[in-house]
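Asks: Full structure from sequences and hints, please.
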Amino acid sequence: MTKFTIANEKDIPNILELVAEVYDELPNKTWFSRDTDENLAAYIIEEGFALKAESDGLLAGIFIARTHNLGNENLGQELYLSEEELNHVAHMEVAMVRKEWRGHRLQYQMMQKAETILQEQKFYHLLGTAHPDNIPSV
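Counting from -10, one number per residue, gives the positions in the sequence shown under this note's numbering.
Just so you know, the hints here were simulated from the structure itself, not pulled from any lab data. Incorrect hints may have been included.
Okay, the calculated beta carbon distance ranges per label pair [what the hints assert, rightly or not]:
(1) 109 to 73: 14 to 24 Å
(2) 45 to 72: 18 to 28 Å
(3) 73 to 6: 31 to 41 Å
(4) 44 to 72: 38 to 48 Å
(5) 122 to 46: 28 to 38 Å
(6) 74 to 118: 13 to 23 Å
(7) 72 to 22: 34 to 44 Å
Cβ coordinates follow ideal geometry from the N, Cα and C atoms, glycine included.
Replies: Structure (structure tokens):
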């Protein structure tokens, strides 16, 4: 059974390990714009949250949403949102699942749970980017 919980600071080393592992397995590195470990840690602790998917006590997947300090990177600007609406933009930064747990809809389930959390926090423009050839992410 898979358990979904919000990550905390002590989870960061395992999250960064998962991100590195999945990134290293990508057939084409241009499919994913990998942030630095420092940025990912900031997204989790200071600028948003990470949702963990754990199965049998092991980290199977991670979903990172960024809600604060978007600044000039705010994707809402691409949609010509007003200054007020830009305050309600969240970035869906990272969704990764270890290959042994793929095919169980973990990415979909994490996205649904993250959307609920974000809507409760009054974020209703949930935006992200994905390379068009990265089929699991589009």
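Asks: Compare the structure with each hint and give your call.
Replies: Results of checking the hints against the structure:
1. Evaluation of the 14 to 24 Å hint for residue 109 and residue 73 yields a pass: the beta carbon distance comes to about 19 Å.
2. With their beta carbons about 46 Å apart, residue 45 and residue 72 fall outside the hinted range of 18 to 28 Å.
3. Restraint check, residue 73 to residue 6: a C-beta distance of roughly 39 Å satisfies the suggested window 31 to 41 Å.
4. Checking the proposed 38 to 48 Å range against residue 44 and residue 72 shows it holds: the Cβ atoms sit about 42 Å from each other.
5. Distance hint check for residue 122 and residue 46: the Cβ-Cβ separation is about 34 Å, which falls inside the suggested range of 28 to 38 Å.
6. Between residue 74 and residue 118, the C-beta spacing of about 19 Å keeps the proposed range 13 to 23 Å intact.
7. The supplied range of 34 to 44 Å is broken by residue 72 and residue 22, whose beta-carbon atoms lie about 26 Å from each other.
When the structure is compared with the earlier hints, violations turn up for hints 2 and 7 and for no others.
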